[in-house]
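Construct the entire structure; sequences and hints are all you get.
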Amino acid sequence: MLFKIALKNLLGARLRTFLNVFVTCISFFMIIFITGLYDGMRQHAKQVTIDTEIAGGAYWHPLYDPSDPMVFEDSHSTLPPKIKDLVNDNKAVPILVSQAAIYPNGRIMPVIMKGIHPSQNIVSMPTNTLEKNKDINIPVLIGKGMANNTKLNIGDSFTIRWLDSDGTYDADEGTVVHIMDTENFKLDIGHIWIPLKKAQKMLALENEVTYVSYAIGEKKIKNLGSWIHRDVDYLIQDIEAAIEADKPGNQIMFTILLSLAAMGIFNAQVLSIFRRGKEIGTLMALGMTRSKVVGLFTLEGGINAVLASALTLFPFGLIFWWTAEHGVPMPMDYSEMGFMIAKQLMPVYSFSLIATTTVLVFFIVIIVSYLPSRRIARMKPTNALKGKTSI
Amino acid sequence: MENNTVISIQNLIKRFPVGSEFFTALKDITLDLHKGEFTGLVGPSGSGKTTLLNIIGGLDSPTEGKVRVLNQPLNNTNHNERARLRRKYMGFIFQSYNLLPVYTVFENVELPLILNKMNKEDRIQKVNQAIEWVGLTNKRNSKPNMLSGGECQRTAIARALVHDPVLVMADEPTANLDAENSHNIMKILTKLNKELDTSFVFATHDEKIMGYLKRIIRLEDGNIVDDKKIKKENI
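Going line by line, the protein sequences match chains G and X.
Note that my numbering numbers the first sequence so that position 384 is 384, with each residue one more than the last.
When you read off a place in the second sequence, starting at 1, and then add 391, the result is the number in my numbering.
Treat the hints as calculated values from the structure; they're not laboratory data.
A hint or two may mislead.
[Said to hold, decoys possible] With the C-beta cut set under 8 Å, the calculated list includes, among others, these residues of chain G facing chain X:
{"#": "1", "residue": "M1"}
{"#": "2", "residue": "K4"}
{"#": "3", "residue": "A6"}
{"#": "4", "residue": "K8"}
{"#": "5", "residue": "N9"}
{"#": "6", "residue": "G12"}
{"#": "7", "residue": "K278"}
{"#": "8", "residue": "T282"}
{"#": "9", "residue": "M284"}
{"#": "10", "residue": "M288"}
{"#": "11", "residue": "R290"}
{"#": "12", "residue": "K380"}
{"#": "13", "residue": "T382"}
{"#": "14", "residue": "L385"}
[What the hints assert, rightly or not] Derived pair list, reagent style DSSO-like, types lysine-lysine, alpha-carbon separation capped at 27 Å:
{"#": "15", "chain 1": "G", "residue 1": "K8", "chain 2": "X", "residue 2": "K508"}
{"#": "16", "chain 1": "G", "residue 1": "K4", "chain 2": "X", "residue 2": "K530"}
{"#": "17", "chain 1": "X", "residue 1": "K511", "chain 2": "G", "residue 2": "K8"}
{"#": "18", "chain 1": "X", "residue 1": "K457", "chain 2": "G", "residue 2": "K380"}
{"#": "19", "chain 1": "G", "residue 1": "K4", "chain 2": "X", "residue 2": "K418"}
{"#": "20", "chain 1": "X", "residue 1": "K534", "chain 2": "G", "residue 2": "K4"}
{"#": "21", "chain 1": "X", "residue 1": "K585", "chain 2": "G", "residue 2": "K386"}
{"#": "22", "chain 1": "X", "residue 1": "K511", "chain 2": "G", "residue 2": "K292"}
{"#": "23", "chain 1": "G", "residue 1": "K220", "chain 2": "G", "residue 2": "K84"}
{"#": "24", "chain 1": "X", "residue 1": "K599", "chain 2": "G", "residue 2": "K386"}
{"#": "25", "chain 1": "X", "residue 1": "K517", "chain 2": "G", "residue 2": "K292"}
{"#": "26", "chain 1": "G", "residue 1": "K8", "chain 2": "X", "residue 2": "K479"}
{"#": "27", "chain 1": "X", "residue 1": "K534", "chain 2": "G", "residue 2": "K388"}
{"#": "28", "chain 1": "X", "residue 1": "K457", "chain 2": "G", "residue 2": "K386"}
{"#": "29", "chain 1": "X", "residue 1": "K418", "chain 2": "G", "residue 2": "K386"}
{"#": "30", "chain 1": "X", "residue 1": "K585", "chain 2": "X", "residue 2": "K479"}
{"#": "31", "chain 1": "G", "residue 1": "K132", "chain 2": "G", "residue 2": "K186"}
{"#": "32", "chain 1": "G", "residue 1": "K278", "chain 2": "X", "residue 2": "K517"}
{"#": "33", "chain 1": "G", "residue 1": "K380", "chain 2": "X", "residue 2": "K508"}
{"#": "34", "chain 1": "X", "residue 1": "K508", "chain 2": "G", "residue 2": "K292"}
{"#": "35", "chain 1": "G", "residue 1": "K388", "chain 2": "X", "residue 2": "K418"}
{"#": "36", "chain 1": "G", "residue 1": "K8", "chain 2": "X", "residue 2": "K517"}
{"#": "37", "chain 1": "X", "residue 1": "K508", "chain 2": "G", "residue 2": "K4"}
{"#": "38", "chain 1": "X", "residue 1": "K479", "chain 2": "G", "residue 2": "K380"}
{"#": "39", "chain 1": "G", "residue 1": "K278", "chain 2": "X", "residue 2": "K530"}
{"#": "40", "chain 1": "X", "residue 1": "K599", "chain 2": "X", "residue 2": "K457"}
Source: prediction; values computed, not measured.
Glycine included, every Cβ here is placed at the ideal spot set by N, Cα and C.
What follows is the structure, given as structure tokens:
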């Protein structure tokens, strides 16, 4: 009976129902969209790191520690045979890491110099640009952020100074052959990339490398000797830790969005219910009990939430689909600030996000429908009949 | 209490708090109303007629005294029991019609039957009959905002009578209507009173409808100052 009356009330009050449903729908949309963007941003950071840096995993020289540049000069050796086979099969890319200093435009700047095989296709980097200019002494690939910091452009030359394996400082001229537009600031800021063979020659470390990144799908090699296998989970642990550290922030943002939604829905529901004081009085006069009045208005709120979910699926669902497919353009490049944020941010609308939002918004609607209707149903029917309702 | 007594009131007092004081709206009212009566509670504004009507209808509670409606003591009944009494045995007609604006005439009239959980087939039959009584068959699918004041009140009458109540209470039913519509409404109510043997209690100060009443109880300052039955052959 209540369901029938509630449905009739909602369908009868076309504009009022539409506005209430629309407010709830906007709340659904905003929460899912913004949280989806946020999730997408974090997932993108992880994916960019995997695509451009990690691939399927890595084998490290036992002394290598990417966060300690002081060990770079000792963390290199020839590859164990099995890893070498992987490299020869083009299923892995070797990288030699060393400290260096560059002198762009007369300034000194410490950098990490990485030698990489130009024809590799294991990580998503434009390393092939390094072999296009064979007449250049030291072809150098840098990132956009690095180019901005050093004011270097393609074709600009600058001095590179390094310490070779004999402990001798040496210097030569490098030329920027390409400026890569990467979202992974870890490949960009403070980095220069040169061909592996050139790096090995400069450092007098023939056939020696620091680490190897292998292709996605490759199985872990056993019996590596002293070399250490690092899987993707290990290599992205800093990002995972950053995401984990960011969770409270994410939860606060979700709570703020939910609170804003709750306030919007509460306003709409309170206005709607208190405007219907006379109707409530009439229903009481016709013999509806107080609990049924409360039940009716709460049920209306529930149906409102269901309709809002459906409405969110249809027109806003198209927006969700479109943004998930095409992304949302960001107004500026955040990579120079050390944020791995895509220029075209792809939101991720996970099932758990949609389900959690739906359940929470549903409960909010139920609560904000229940509270005012309970209060109004406590009134004397004679006052309700006169429309004497107040919050 | 006689068998055909539908309302029995003894020493009813009703006080309302006004600031720190109490205003006595009804002072020691005692009266009986009988089945099939067409009674008017008549008096100027503030005389207590609407308060008395609300207490009879279980919408308000007495401060002192005993009120029995349809053999049920209202003093001892809770909200739910009073709601049940209204739902099953009473009908209400209000001055401002109190129709649900989003419902059609049919749906407004159908509402008491839905609340009484009547099955759909019976409901349709009863609603159509009630709408026919009040002459609104051609307006059954109209919403209240498409109706005149007279049509709204006729819809309210159909809604008040559709579930065959024993007692119908009407609070200033003609106050918002012009003379012609007032007479039409009263003619309909008089006819239904005769045909259905339903008791009607009006709260009114509209002189136009006095001629239709079979019993006039005059109230002044919360007291009954006159109670007379009028013999009418043909109205």
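Comparing the hints with the structure gives:
1. M1: holds, 6 Å
2. K4: Since chain X brings a Cβ to about 7 Å from G:K4, closer than 8 Å, the hint holds.
3. A6: Violated. Min distance 11 Å.
4. K8: holds, 7 Å
5. N9: holds, 6 Å
6. G12: holds, 3 Å
7. K278: With Cβ-Cβ at 6 Å, under 8 Å, it holds.
8. T282: holds, 4 Å
9. M284: This hint holds: G:M284 lies near chain X, its Cβ roughly 7 Å from the closest one there, short of 8 Å.
10. M288: holds, 6 Å
11. R290: holds, 6 Å
12. K380: holds, 7 Å
13. T382: holds, 5 Å
14. L385: OK, holds: G:L385 within 8 Å of chain X, min 7 Å.
15. G:K8 x X:K508: With a Cα-Cα distance of about 16 Å, the restraint between G:K8 and X:K508 holds, given a limit of 27 Å.
16. G:K4 x X:K530: holds, 23 Å
17. X:K511 x G:K8: holds, 15 Å
18. X:K457 x G:K380: holds, 20 Å
19. G:K4 x X:K418: The hint is violated at about 44 Å.
20. X:K534 x G:K4: This hinted pair holds, its Cα atoms lying about 18 Å apart.
21. X:K585 x G:K386: violated, 31 Å
22. X:K511 x G:K292: Given that 27 Å is the threshold and the Cα spacing comes to 20 Å, the pair holds.
23. G:K220 x G:K84: holds, 14 Å
24. X:K599 x G:K386: Since the Cα atoms of X:K599 and G:K386 sit roughly 25 Å apart, the hinted pair holds (cutoff 27 Å).
25. X:K517 x G:K292: Holds, because 24 Å separates the two Cα atoms, which is no more than 27 Å.
26. G:K8 x X:K479: holds, 22 Å
27. X:K534 x G:K388: holds, 24 Å
28. X:K457 x G:K386: Holds, because 26 Å separates the two Cα atoms, which is no more than 27 Å.
29. X:K418 x G:K386: Holds - the C-alpha atoms of G:K386 and X:K418 are around 24 Å apart, at most 27 Å.
30. X:K585 x X:K479: Roughly 20 Å between the alpha carbons, so the hint for X:K585 and X:K479 holds.
31. G:K132 x G:K186: holds, 24 Å
32. G:K278 x X:K517: Answer holds: G:K278 to X:K517 is near 26 Å, not above 27 Å.
33. G:K380 x X:K508: The given pair, whose Cα atoms are some 25 Å apart, holds under the 27 Å limit.
34. X:K508 x G:K292: Status holds; Cα separation ~13 Å.
35. G:K388 x X:K418: holds, 26 Å
36. G:K8 x X:K517: The given pair, whose Cα atoms are some 19 Å apart, holds under the 27 Å limit.
37. X:K508 x G:K4: Holds: X:K508 and G:K4 sit about 11 Å apart, inside 27 Å.
38. X:K479 x G:K380: holds, 20 Å
39. G:K278 x X:K530: Distance of about 24 Å is within 27 Å: holds.
40. X:K599 x X:K457: Outside the cut-off at roughly 32 Å; violated.
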